[in-house]
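Q: Can you make the complete structure from the sequences, with help from the hints?
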Amino acid sequence: MADAVIVVSLLLVAVTATAAVANRDPARQALVLSVLGLVLAVLFTVLQAPDVGLSQLAVGSALTPLLIMLSVRRVKRRGQPKDGGR
Amino acid sequence: MSRRTRLWLVAVSGTGLAALLVAACLELPPFGGSSHPYGERAVRAALARHTANTIASVNFDQRAYDTLGEMSILFAAVLGCVVLLRQARDEHRARPEPAEVDLPVRRYALIVLPVAVVGGLYVIAHGQLSPGGGFQGGVVAATALHLLYLGADYRALERVRPVGLFEVADSLAVSAYLVLGLAGVLAGTAFLANTLLPYGTFNTLSSGGNVPLLNAAIGMEVACAVVVLLARFLDQAVEIEQGNGKDDKDDKDDKESEKENGKENGA
Amino acid sequence: MHHLLPLLVALPLLGAALLVAGGRRLPRRAAETIGCTVSGATAALAITLLLNSSPPLVEWAGGWVPVNGESVGIMLIGDGPALGMAALASLLTSAALAYSWRYFDEPPRRHAGSFPALMLVFQAGMCGFAIAGDLFNAFVFFELMSVVAYALTGYRIDEAKAVQGALTFAIVTSLGAYALLMGIALLYARTGELAMAQIGRGLDRTAVHGGPDALVLASFVLVLTGLLVKAAAVPFHFWLPDAHAVAPTPVCMVLSGVMVELGTYGVWRVYGTVFAGPGGIPPADLRRVLVVLGVLTAVVGAVMCWYQRHIKRLLAYSTVAHTGLFLIGIGVLTPEADDGIALYLIAHAGVKAALFACAGILLDRYGSVDELALFGKARQLRTVAALWGVGALGLAGLPPFGTALGKAVTEEAVGGALALVYVAASAVTGGAVLRVGARVFLGLGPRPKSDGEYETTGAGERPETRRRLSRVPDTMTAVPALLLAGALAVGTVPGFGGLVADAVNEAGSGGVVVTSVHWTVPGVLLGLASALLAVGLTAVAVTRPALLAAPDRALPLRRLQSGHIGDYVAWLLVGTTLLGVLALPGVLGA
Amino acid sequence: MTAVPHVLPYLVAVWVFLVGCYGLATSRNLIHAVGCLAVCQSATYVLLLAVGYRDGATAPVFSDIEPGSRPLVDPVVQALALTDVVVGATVTALLLALVLQVSKRHGTVDPDELSELRG
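Top line first, the protein sequences correspond to chains A, B, C and D.
With the numbering used here applied, the first sequence covers -5 to 80.
With the numbering used here applied, the second sequence covers 12 to 278.
With the numbering used here applied, the third sequence covers -16 to 573.
With the numbering used here applied, the fourth sequence covers -7 to 111.
Wrong hints could be hidden among the right ones.
[As the list claims (entries may be wrong)] In silico lysine to any residue, SDA-like type, Cα no more than 25 Å apart, as pairs: (1) A:Lys70 x A:Val29; (2) C:Lys360 x C:Thr460; (3) C:Lys360 x C:Gly519; (4) A:Lys70 x B:Leu197; (5) C:Lys360 x C:Pro528; (6) A:Lys70 x B:Phe213; (7) A:Lys70 x B:Glu252; (8) A:Lys70 x A:Arg22; (9) A:Lys70 x D:Thr100; (10) A:Lys70 x B:Arg97; (11) A:Lys70 x B:Leu58; (12) A:Lys70 x D:Glu108; (13) A:Lys70 x D:Ser61; (14) A:Lys70 x D:Gly48; (15) A:Lys70 x B:Glu102; (16) A:Lys70 x D:Arg46; (17) A:Lys70 x D:Asp104; (18) A:Lys70 x B:Asp101; (19) A:Lys70 x D:Arg20; (20) A:Lys70 x B:Leu159; (21) C:Lys432 x C:Val525; (22) A:Lys70 x B:Ala105.
Quick caveat, the hints were computed from the structure, so don't treat them as lab data.
A: Next up, the structure:
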């Protein structure tokens, strides 16, 4: 049972990573990356590494995509100088 | 180099590298094997020092010197981001307009926020017992604080988040970690030696000697570092604007950012 | 004594943390004083440890001294080369901080301490990498020095070139670091250990059926990729000119003077302790890998160096060329060559840092580092001109500079055609620097013309000082003068060469070898030959520019340096595969 | 024996690394390139943890199991991976900061349009 879960999550990691690279739009890529973070966290948990899973969840699926989204926003904001508060 | 040439290069060399790596994978010990000499030694050492979570023991005791390096990377990256994302000569700050937030979003954020912050602190505190620790809890607590941006608005966030203070706290946490390490040298044992404090009762909050202290220092460092990082990026995304043609003079910039920094805004 | 080894890391880090903590209130002068003091104290500590490093020091962080030969802690090495590199890094950091004293670009508002703090963290990273005896720990400090280096390279965010160069540097080096980590993971899978010496023993133990297999080869290739990216060997070198040409001058001094060389040092250390045994990579294969890459690097670096007009970029390419020479030296695997390279490396650090310091003075005084734009403009900077000329001759390897001594010893050890590579590469790079000096400081020859569109000009850069200097401050000339004096002392102080050689041999894997390091007649002649060749090249280039101007033949080579991140990543992959191919015969034969 | 093929986890790590490299080399947007670098790095986590796994073992945390009662997975690789995760996040942050400055100074985040440094 556990083995099947490992195989499935490994394959999911491979697929999501490929999707993250194939998505050429950074905003959408950030979403895929956060999914990748989630899938990795699941994989790490079934590999009996809850510590790493937890930090991957916090970093990979929250922090990194958030930073990317903020950067996308900043880059998009160039050219349209006036913008609202959020 | 044209895109086509580059694609060819990547294809050819990627194939070569892939062949090499796959050949190496076939030589690796089979997945799930049982030979982990270092791992078994680490478990024994952790038990000898009354640390229930072996990973915490490896991170904060056996390989605490690695963690020092890692913490310095985080510290350096924060310092680097502060320097790189400073206000350039030709930029000025624009106060973002306060915006209306949907009530459900606001409620959700304001309810989740304290839960998440407390959860983060809990995860930090129990690092040497259960999965979690300074890193995980620090990131969670710091990210949670930014729910305030979602729930209320940017100015509310700015009031509870004096970035300067967090920077200072960040460096103080780094110093604390270093001082704990240096205590070992002063006591005549080795740097970062976990021999000064009693190891305590197995599986309690104060067990493990130095481990909870180092863990707390890391938790504080990570939390502050992530807050500062996110603050710098939010600054860029929301406040700093290119000085389209106006080319502000330095002193004016100074005044504006001084205002930002003094937090005397009455919003 | 050995308990003090980790202080090489802890001391500068503590200084940096205090600088940041006091950042808001700290006036600029206090921040700079603290920076210089801490950095200097660390340098003093490194030198003290170095003087006590025979027999080599070993420290286990956390006091985890091995029981029955096994430990769970991290090993720090304090032998001659490790502490020598740490001392060199510390001295250069101190020199750079002294150079930037009060004159460097205004710090970010309310962060007066951030530049010295970053430099101190950089110093800590370099020292930590130098004394690491544990492979993962080496990776951690590799990352630390890289991360700080990215931030320092992009420090001048108003400059378009600076941020682009820093980004290129960051992406390529990070990818290299991840390759290094993959290699470490493979080694851990095979041996279950992380300390370098233990991994080496583990490889030998598992290789009972004789020789290395694909796993060893792959881990070797991956680890070397990471280290060679840092060392800037062709074809991993593309980031270096882009980054070093744009980084602030004090940072360039450290980057070119010692950080790049730490990559070469890492190759030497990792091969010697991990892969040198019967279960590792056979010596013949390592020789093939390093000599081929080294010759390629030296040639590409020298040729590209000659065709630059951006002065800092020119110096950066000369660093590439010298990296090639260092790689050849450690690649032939003889104790004599190791000694020679150690001397060469120390003296080169002094000379290169001094030259960058002089280039920085030009930038701050004239707002340009372009050879053509500055033609004849710097006539009144007599002192700087003298320093520049002396530095150029030192780079070319004129006896009695330390560069010449190190080069001569290495040339004798490598022998034959490879010695010619040394003479040619040092002559061409020295000649290029001398040519710049003749044109910029003396205004010799006809006014040169731009010779193509595919190049980076150094004109129109912003000075790094608050405003253009009207007078060159004393610190900015004293620092290069001292550095050059140091490079000269390496070659002239009697007994210094022997000391270095003993320290290197004691740490080497070949057991106790007695080598003699001294000036020989052929060595002096070869040094004179390369210096003369450099002067000759300069004379021709200045008087008859058409003769040596960029011919179209060099254009394909220049087009490779496209500034495109995707290209550089592709080249990194090519280099990794090339490493695999070059080292393959030993694995197939086993 | 296990149902997981012996090399699948390693192959997945290799695949993820190479895919990340491919994306990095062909990227048309620097932010996307930084994302690809993060993908490359996740390969290292997968590889490290796969190396440390052990069939039928449990996490090396003794808050709820008796020491010595069950086999344990390797704690060292987990500590290494943990370090690696944090390093990855900080490097990403620094890279993004540089990308922001590139976008301000060059007005583009397409690497094809950055042509100041060459030759």
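Q: Against this structure, judge whether each hint is valid.
A: Consistency of the hints with the structure:
no.: 1; hint: A:Lys70 x A:Val29; verdict: holds, 23 Å
no.: 2; hint: C:Lys360 x C:Thr460; verdict: holds, 18 Å
no.: 3; hint: C:Lys360 x C:Gly519; verdict: holds, 23 Å
no.: 4; hint: A:Lys70 x B:Leu197; verdict: violated, 54 Å
no.: 5; hint: C:Lys360 x C:Pro528; verdict: holds, 19 Å
no.: 6; hint: A:Lys70 x B:Phe213; verdict: violated, 54 Å
no.: 7; hint: A:Lys70 x B:Glu252; verdict: holds, 12 Å
no.: 8; hint: A:Lys70 x A:Arg22; verdict: holds, 14 Å
no.: 9; hint: A:Lys70 x D:Thr100; verdict: holds, 10 Å
no.: 10; hint: A:Lys70 x B:Arg97; verdict: holds, 19 Å
no.: 11; hint: A:Lys70 x B:Leu58; verdict: violated, 53 Å
no.: 12; hint: A:Lys70 x D:Glu108; verdict: holds, 23 Å
no.: 13; hint: A:Lys70 x D:Ser61; verdict: violated, 56 Å
no.: 14; hint: A:Lys70 x D:Gly48; verdict: violated, 50 Å
no.: 15; hint: A:Lys70 x B:Glu102; verdict: holds, 17 Å
no.: 16; hint: A:Lys70 x D:Arg46; verdict: violated, 47 Å
no.: 17; hint: A:Lys70 x D:Asp104; verdict: holds, 18 Å
no.: 18; hint: A:Lys70 x B:Asp101; verdict: holds, 19 Å
no.: 19; hint: A:Lys70 x D:Arg20; verdict: holds, 15 Å
no.: 20; hint: A:Lys70 x B:Leu159; verdict: holds, 23 Å
no.: 21; hint: C:Lys432 x C:Val525; verdict: holds, 12 Å
no.: 22; hint: A:Lys70 x B:Ala105; verdict: holds, 17 Å
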